[in-house]
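Undergrad: Use the sequences and the hints to build the structure in full.
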Amino acid sequence: MAINVFRNENQRYKAIINLIVLSVALISFSQQNEAVRQQSAFEGFLMDTLAPLQKALNSTHRAIVTVIDDYFLNVSAKRENRILKNQVDDLERKLFETEELKKENNRLKELMSFGQELQISSVLAQIVAWDSNSDFKIIRVNKGKADGVKLQSTVVTSEGLVGYVYRLSKHYSDILTILDSNTRVDGIIQRTRSHGIVEGVSQDKCIMKYVGRTEPVVLDDVILTSGLGNIFPKGIRVGVVSRIERESFGITQSLEVTPAVNFGQLEEVIILIGPENQTRRLEWEALDNSDDKDDDKTKPAVR
Amino acid sequence: MRVQLRDIIPGMLITILLLMALEIFSTALFPVIGGYKYRLPFNILVILFLGFKLETPFIGMMILMIQWLHSYFSVDGWAQGTLAGIFVCMIISYLRELIHFNSIWMTMLITQVFQLLYFLIVFGMFYLKNGDLTFLLGRFERFIPESIVISLLAPFLFFVLDKVWHAKEDSLIA
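From first to last, the protein sequence lines stand for chains A and B. Residue 63 in numbering that gives the first Met the number 0 sits at position 64 of the first sequence; the count goes up by one each step and never skips. Residue 121 in numbering that gives the first Met the number 0 sits at position 122 of the second sequence; the count goes up by one each step and never skips.
Source of the hints: derived by calculation from the structure; they are not laboratory data. Just so you know, not all the hints are guaranteed correct.
Unchecked claim - Quick list of the computed label-pair ranges, beta carbon to beta carbon:
#	chain 1	residue 1	chain 2	residue 2	range
1	A	ASP68	B	ILE143	29 to 37 Å
2	B	LEU12	A	LYS204	38 to 46 Å
3	B	ASP131	A	ASP219	43 to 51 Å
Note that the structure is predicted; figures quoted are calculated from it, not measured. Glycine residues also receive a C-beta, built at the ideal position from the N, C-alpha and C atoms.
TA: This is the structure we're talking about:
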């Protein structure tokens, strides 16, 4: 005798629709693990349609804040001007020193036949929105494919590394910041030249894993990108060591890293676009081809 | 029970437009006026409303549409929220006779309880996939203030959505 599980026909339809949607969602969820998000033309079109609304709201807020800052909060401007002039003098002196170091560096590179500098062009972009879910540290900027931006292009500010381009439409890009737990940056400690992997863990901190326990890391050591991993160019400032967890056992130590960029006050970023993307693609293709050849070698001969 | 698509489509279109406006506020304005660390998950609130108020066979499709729109504002995607939303709505359908929103405070309390349930389902799925408890604890810390604000907003937004869906006459919510 058949048991009637559903009270009526509608209950049955509901169960069937729920089952179909759940199955599709489960498959999509289990496969969602990519380093970048590819978009269809329709999805790109929708993103381009919605993002201007975000930009308009963000720009309105900026305009109001600018008016308030320029006209109402101008009381201490004179004092600030004096302090800033002192800072400019100081920075000019440092700039002169840096120029000298740059020249010296170029001379040494030529001497060692270090290779040509990569010609990287940059695009200045303005932040128009943040991710709707606080679990993801993603920012949306007003530059996209039409401006030459590519997936996995590196994003920086004058302070240091911000992240890379994760999702792209014609006029807008989503940037996965180094604060996001899905980001992995191969880093190097400037002073000791020790390698490790920097991962995002919270709203304003990262951790650096896999640094050897015997490496003499100290607080305020500067961490730079190592250039390994083929996403970020070498030598970009990631942050400084703000806490060291070194156990009496194990082979590694864990470092807490305070990012060089103040993400709470981020308004503009620079997207680096250069031939390195093409180089990266060719390198990956070469690796894939070599893997295929290895597989062919290991296959038994068929008679 | 709303079994005809024509009963669903107009309300759904207005709900999507409303959610779009709320998502734009949450992503473009809320972070720059001091809410940098937190976001308001309006999509969860809309899904809970649909679960509480509408008895329809198309609830799964409606949740999918809400999450699909949400995925344009978040790289979270639509899949995880759809799974959690359908599970929560299934639980609501079994408890429907017990849920009575007879005051504003009760609306806030019940919204908070079901947000917690939603979070636990997402928490479980995330843990099954990544096995990372440290990240989930940080996520729970953010969930508490975000969910409280959403619960406080629930009576007002439910009132607006009631008007959109003409839900007063066939709902259990006072």
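Undergrad: If I claimed the Cβ atoms of LEU12/B and LYS204/A lie 38 to 46 Å apart, would that claim hold in this structure?
TA: holds (42 Å)
Undergrad: How does the Cβ-Cβ distance of ASP68/A and ILE143/B compare with 29 to 37 Å: does it lie in that range?
TA: Taking Cβ atoms as reference, ASP68/A and ILE143/B lie about 33 Å apart, which means the hint holds.
Undergrad: Taking the Cβ atom of ASP131/B and the Cβ atom of ASP219/A, is their distance within the range 43 to 51 Å?
TA: violated (28 Å)
When each numbered hint is compared with the structure, a violation occurs for hint 3 only.
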